[in-house]
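These two chains come separately, so use the hints to put the complex back together.
Chains as they are written, first to last, in my numbering: chain A, 1 to 886; chain B, 887 to 1290.
Be careful, since some hints might not be right.
[Claimed, not checked] Incomplete in silico selection of chain B near chain A, CB under 8 Å:
| id | residue |
| --- | --- |
| 1 | Val1154 |
| 2 | Asp1157 |
| 3 | Ile1229 |
| 4 | Leu1230 |
| 5 | Ala1236 |
| 6 | Arg1279 |
| 7 | Phe1284 |
In short, the hints are calculated from the structure, not lab data. Where is the CB? At the ideal position from N, CA and C, for every residue including glycine.
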Amino acid sequence: MSKETHTTCPYCGVGCGVVADSDGNVRGDSEHPANLGRLCSKGSALGETLRLSGRLLHPKAGGLRVAWDTALDLVAQRFREALDQHGPESIAFYVSGQLLTEDYYVANKLAKGFLGTANIDTNSRLCMSSSVAGHRRAFGEDLVPGCYEDFDSADLVVLVGSNTAWCHPILFQRLEAAREKHGTRVVVIDPRRTASAASADLHLPIASGTDVLLFNGLLAYLAAKDAIDAEYIGSHTSGFAEALATATAEAGSLASVAARCGLDPRDLKLFYDWFAGTEKTVTAYSQGVNQSSAGTDKVNAIINCHLATGRIGKPGSGPFSLTGQPNAMGGREVGGLANQLAAHMSFDDPAAIDKVCRFWNAPNMAQRPGLPAVEMFDAVADGQIKALWIMGTNPAVSMPNAGKVRQALADCPFVVVSDCTGETDTAELAHVLLPAAGWSEKDGTVTNSERRISRQRAFRAPPGEARCDWAIVTGVAERLGYAASFPYRRAADIFREHAALSAFENDDARRFDLGGLMHIDDAAYDTLAPVQWPVSAGRDEGTQRLLDDALYPTEDQRGHFVAVRQRAPRFAADAAYPLILNTGRLRDQWHTMTRTGLVPRLSLHRPEPCVEIAPGDAAKRGISDGDLVRLTTSWGTALAEARVAPDQPDGSLFLPMHWSDQFAGRCVAGALANPAVDPISHQPELKHTPVTIEKVVTGFEMLLITRRRFKPSNSFYWSRRPGMGCEIYRLRGPQPATEMADAAEALLAPQEGWELIEYRDPARGVTRLAFVSANGIEECLFLGQPGRLPEAGAVIDLFAGKAPLDGGCRLSLLSGAIRGGATSHGRIICTCFHVGIDTIREAIAADEIEDVHALGRKLRAGTNCGSCISELKEILRRTRRPLVAG
Amino acid sequence: MNSEAKRLVLIGNGLVGMRAIEEIVARAPNRYAITVFGAEPYGNYDRIQLSPMLAGEKDFASILLHDHGWYARHGITFRAGQKIVGIDRAAREVVSESGIRAAYDHLILATGSMPLMLPIEGAALPGVVSFRTVADVEAMQKAAATGGKAIVIGGGLLGLEAAYGLRRRGMEVTVLHLMPHLMERQLDPVAGAMLRKDLAWRGINVITNATAEAILGSNHVESVILADGCEIAASLVVMAIGIRPNIELALSCGLSVNRGIEIDDRLVTNDPAISAIGECVEHRGEVFGLVAPLYNMARTLAARLCGDHSALYKPAATATRLKVTGIDVFSTGDIYGDEDTEILMFRDAARGIYKRLVARDERLVGALLYGDVQGGADYLDFIQSRRSIKAPRDLLIFQPEMAA
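This is chain B alone, in the form it adopts within the complex (with noise of 0.2 Å):
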């Protein structure tokens, strides 16, 4: 190790925090002394991959990135468990739970994002869970263990990853969605509906517009009471109702904050001397919750930080492309549209299949893919070139490789 190294804290031994030191490392291997702190005491894994996790198509071994191996051999100092409590700006130095202190030259936040709890009655009953950590999915695996019902509150992503796995573990699963469909954010009412006919095929039940009131249960959950009056038994109740960046700590220590923490184009927050990535930011107003943009981050970063000032992050047209309890989804852009958008859409519904293209001044704005994705690369490309659709428009939705 080179003695003179600076040193580098990073906060958060996450997907997208260490997607940075992975390529720092490998940019610059002696550039560093590293530290890297993390809350949860396992080596860095794929937090993706906890829906098939749960849904018992891997285990912890196979999502795991990073053991902490990994980090002795790239001479990291990791603290593994330590969560973070404070930040010492004046000093350069942060401190752990346990009292555990490391001086920085550059710290990265990369704190991630929070569950959302509904405030309501009963949400901190045992047998309430969020769905963000393995600690969660453990949770869960050992509530579907004995069967029973489950009450997933929430129909986005995560949500019905979490209803897909419990089912698969055997529970009867039931989604209550606040909204008129699933997935509003990636899909339309009619891809909605779609979803909601393939989990019902799928033994998931779903109801929509559903206000949880409350969660009934002496000493664990019972059943959750809709704004309706109805009441749902249930011995888990799953919240995946969204997530907030965690801000907690750079508030602590007065870095700018809206809803995440402030960043520039540099990824620096108001600190010269601390950076952050990840879902615990905002940038130009945006905040995060899928990981492609975010690797994006974590490379200009590390470019940065090994010299390449001239990297700067520029937020790019993103898609969402998951599989959805095995359906293919594909969401990109506008897919809702206005009136002055147009769309072009194709429909296989007894194959489950539908694709929305919405256009503006004969350019791509959103693409959405249900069941069949394959183009999605191809949308994206006319979307984030914003090349124009008039000559290729007939072939778009066919062969958009052959328009593109």
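Excised from the complex, chain A in its bound form (with noise of 0.2 Å):
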């Protein structure tokens, strides 16, 4: 039996634990307070992520390998020519929520202590910037008072812009078992209508952008109802008077807000009258509410009514920031935001960069804020900055505005990327590639979205040459002279430096101190239980609950409410752009599929980069499910499949973040979204650009199957996922079938000795080829007229074996059926069993199934990761004959 480790999963900011052997074989940790055992569909599939496939082993630059040495020495070299030449402001670093704190907390020493800028900004930025402004403007301090144990407690959660079903399914389950136990309300804000949403008892399906009016119609009403908790407030908070009159201002008139959010105004005051009168309540809130030009003050708003009633840092009660990214805390407490200094300090404070300045010992300290994503990377494109490193992200497809911002990548003058992957649209720009260790490779800590550390644990030696993050600016750092002020031999040596900074002249000024750790010994540290910050000196247990003593660390110790106004969105629709495109994620992927994407059955959920569309939007422009269509913003365009959805509301599109240059021929969601930020946390808007979507008339399709990974050409639209052994190429144009015989094969890539197998219908534009050996099938292609070609699981399922094909294989596969061969499923919906929507519906309608635990008892759908869980309920809803009313 091989050893097992206990480490945490790479994907959202719930932060699970998860046992892995060294084979790669995973589950979650039972013992782990965030998950409890349980793992979410991706979670589980974390396994299957671990295949070398596109894994970059060796230093690059230029494109050429090179030694470890000529690689640091070219980086630090050209780091340094920066420097002299152009001054730090020259230089800048993007980074990610997928670093692990050590690696963060050494990226900052470098840039902000060491090379005089605070130009570092991460990923976060665009994720988690608005939560953190909204924390500092309440609480003083970037923090989250709550835990997950509140959403076990909470008599109403409300969810806002936050598909937690899809994006936190661990935490949504553990919502849904509380509301089995004890009937816990749930409401979910959000334009649309998610899996989430679905099996709320309210849905408001908000008009996009108007959360600030509908709070703080909340908090008029929670006034003009007296359902205040007024001693709290006048104990404990400062600036009520204010914020609710410009509340009741703007908002005192719920038939007014309702009007403006676009709700049912009995809707709305049932939501009123359920928060007013439910003292354990929870408001959780993601990039629905972070992603906007308004995103601090929509924290605010929010904040403001757990402020007014009192429920804050209480058991069942607060306001819950959902973070996206396994780490995005931890970028955060080392101060990975260009804004922030390290360690919850603020460059505001002159006294707080000379603390840290001393306690690096730091020759160059920075005195300002660096530049903010959207800012940094326009400082690239005009050119300022001349030395960019990015670390484990992808910006030239996640950022907003991502065509310029891959231009700019194209024209600086030097591009670091250190990345597990070489296959990334950004590593495609970079002067120098550095590999870095991955999840399962590398070792020290992540903070999840309540505070909780824990260890992230290597079980296997990184491929090739790769390294840690933290080693890789460690040598840099020594090659530009540093070497004493980067001693690090190993993650626990930085975990110490970061924990003491944190206590360092902290005289309780700071809640975030870590002073317990400081002194954590190296065996101690390798097995850390995971712990809640803070975690002061003489406190090692850690801290379940923040501001619990209504104590808040702001220089009146008071919370603060923010007087906030509703502001529209910064571009709002017209006339040759109709609709509001909005952005998101999927179920079964994660950020730019770099991981995900490997993994065959993940990609069965959604297997084509798809656009939501009403039914009502898709009828007006001639546009059917299944459709291509082409999208186009003010910033750029995209090609995706439309997909007509009852769910998505009038007026607005869904796009999943997802889709890159190595999965799609364009579909970058952040090439179409504008690049308007928030004034204070700079967050991007990526939830509301103006869009217009046009059909785009096909004349063939194709399917490829191959086991190459190569890139089409644009000249039409294409997506790739994989399979199981191979790699699924969906291909459409405009060209007539009939003209696209040549075309197909020249897509094929033959081997001496492969024996072809064809099928030609010329007439009707029907081209399918095979090539097959005596290692079984090696590529096959259907051409044919949109919506013609043949169900081909089958044989995409023959390339999982390596075998000879038999007579019968060899005459049948070309009609996507193998003879004898499998049956179809329909789409994927519960992804560890693979069982797909038609066989639900089937056994639904077969045996009277009447929830989703008796289907999970027939078909163990849903049984293992529960991510499909809400969309079961909704097949059962949709599928089950309505009974007639008694």
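Next comes the structure, spelled out in structure tokens:
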């Protein structure tokens, strides 16, 4: 039996514990407080991401493999040149919520203390910075007061701008379990009828960007109904009167608020009444709140309501920011945002700058905030940034106005990318590529949404020459002459320093305090159990809730109301761009798919990049489900498949953020997104871009299944997804199928000794070709008129094997079905057990299945990770015949 | 025997004529007093099985369908080895070479066909044979016994079977074919080329576009000269360039004859007392070389002669399903097509499998299957029924039974 390692999942901010063995088998860690043994579809498939496909194994410069010394020397030299010739502001780092705290710490220290620039920002800017800013305005520090247990004990959970069911599945399941136990009410505030909304007690399909109005309305309503905690307000807060006056002025009329938010006033009143009457209320929010040009105000509008009711830091109540990334919180703790200093200290405070300078013994301490992400890439585009180091993130895909970002990267004199993979749109633009250790190989800590610090532990050696990010940064620091200040031999060295800085001259001024861990020895670090900060000296057990004492880390020790006014998103729909583009995550994909995109079963839930459109909007434009469509905004264009979705509100489209040029010809959501940012948090408004959509008339459709990975021509639309032992390409374009046979054949790359099996019906534009060898099927191509390709699941399954094909198989495979082969399951809903929607519907109809438990007993669907349960419920609801009212 | 039974005479103891007799005695055992004349000395045998006989896979006993006893048991007067040389239509009487006479109330002509022989120099030399009768097979077997080289002139079905049989018997075989590809009536150039490759793999050499100019030899075949001047040595030459209906007898008695003996849908010649079936006939301008439609004629004729006057012969699309030297081939209808037809094609060249369907106006008009003949009957059914292939088109090649 192979050795088991307890580590932490590298996906969302829930921060689930994972037990992995050296063979890559994973299961949920039943002892980890974040998940108590469960894992979602993505987490369950972690073992399948460990194959080497696409890994960057050696440093590269100018596309050629070089030695580590050569690469690090080059990076140090070019950074030194930029410093000497253009000053510290010509250098920038763009880092990632995927980094471990220790990696983050070293990068932040090098930039802010030794290179003299605060131009180090993280992709958490796109994710959490509005929460950070909102927390700091209300609480005086970036802290999440509550914990996951509050979801168990709350009587009302309000999910705002969060498809928790898909994006934080394990937390959602925890909530569902609590609902089953004691009937927790769930309200979902989201323009879309998401999987989370579908199972909620109340869904408020709010008009995009009107959250401040809705919560101002709530504040006014609470005051009007005398549902506020006057004592708490009086003793522990400030700014209530102004905040209430502002709220009442613009949102004093429930009817008016409902109308402007696009809601049924009865639903709105119901929510307001529930909130008013439920002491134990958690308001959890995510990107729908944060990714907005009014994101910070939205956060404060929510927090205002909790301050007004005194529902902060108490069991079962509080505002709760759901972080998107595994270590967005850790990054915030070390100061990974350009406007933060380190350890929750701020550039606003000269004494803090001095404090950090002394602690680091820093020769070139940055004195002012650096450039946040959008502005940073603007500065790259303007030529101010001469040397840029990107770690573990893919801004060419994920940034708004990504087309401009790509151009900026292409024009930048020196771009370093350190990452696990060289196959990203960003890495393709780098001068130097540095192979980084990935999950399962690197060692350190992450912090989840409830402030819980957990260890990510290595259980495999890094492949090739990959190194930990902190070691790579340290290597450059040494070459820049700072070896003495970067003496790190192991992650624990860095963690101790990080903990010490958090406690350095703290005097209880900062809640972020790991003083209790600053002397942790290597052995204790290795076995460190998950713990919630603060872990101040003498308080090793950590802290479950903050602000339970109502003592806020502000100057007046009070929680601050912020008077916020509803502000429309920066760009409104107009005649040219009449719809609003919303972007976000899917259930089974993560970020730009560099990891989840390797796993065949995770691609089954949504095999294609699909844009969701309301039936009415689709009908108006002659768009049917499955049509190829072109999306155009003022910033870019994309091609995707239309998915006509009744859950999508009129006037709005939803496009997943995941697809990059590695997985589709032209479907980068970031390239469409407008670059407007929140004036305080500088978080971009990724969820509200005016857009137009048109059907692209297609003449042909192609399916290519091959063991190769390549990028087809962008002269037509294509997408790629992984299969077992193969890559699956789907291509479409306007050319008639009858004229595409030669182009289709040119996509194939037969090798000596391969045998061709062909089927052609040229009058119908049908060409089907398969190459086989002694190793079974090698490549297979289906060309035909749109919508006329056979269901090819059985052919795709053939690639999983490497045995020669028998005669019956060779005769039948070009029909798409293998003689005697598998039947179709329909679109895969349960990824864990490969259960498709057709199978589920059949089971429901045949056996009069009434609930998901019965469905689980019959098909096993939903019984492992549970990520699909909300969808199963929805399918049940729609499939079962409505009961006749008695 | 019913003494008032009408006299029925069959000329031609072959597959088709005897099939009619079989049907008649099964339907109405006592209706006719039947006399059968056969030029060959044997009972009725399955001529199609001469190929396996040549190849040594079967012997004569196993291809004999009806021995003399069978005729006796069914009260049939069987005149074996009696070639009919004259028909007196006025007297309703036939006469054999040896002078045997038989009167008839109804006469069936099933004289079959004659092998075509190239009218070239040396065609009459000993060692030049056709491939039609048991005697031909015996001659080839004898020639093959000493090994050596054989030339088969004609790369049609019969020629290739002869080539295969001779190869099996150890001869070095070269097939000369006039056309650019083999079996051009049943195969398109692609299938023809595949067949040529398969034959080469079996040790049979094929020369296409080959015109035999002369057969040389002093008192026995020694070589064949081609039009391009090439000379190929051979101790045996098999001519298998085709057949023509055997019409001499019909001509001699003044029946209406074109390429074959002309018959109407009732299978009757211009003399109402004389019917004709089999390879000797011409029906609506068509002559025949394959047995399937001819069995249909035999059935129809038997029905008519047993009193079913509504029975008419309807030509139907027929299929060639055959084994060429162990390779399955199925061919039916128009396998070439024209500018108005559409082709559906499947090929797995490495496994020697090729399928070609020809469609016109969403209807199947031809099907060629090479190497894998499953579904042939379904394609034939599509062609005969003229059903639309529009909906099942994508399945047609792969799962014709589902498409049907």
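Quick rundown of the hints versus the structure:
no. : hint    : verdict
1   : Val1154 : violated, 44 Å
2   : Asp1157 : violated, 50 Å
3   : Ile1229 : holds, 7 Å
4   : Leu1230 : holds, 5 Å
5   : Ala1236 : holds, 4 Å
6   : Arg1279 : holds, 7 Å
7   : Phe1284 : holds, 3 Å
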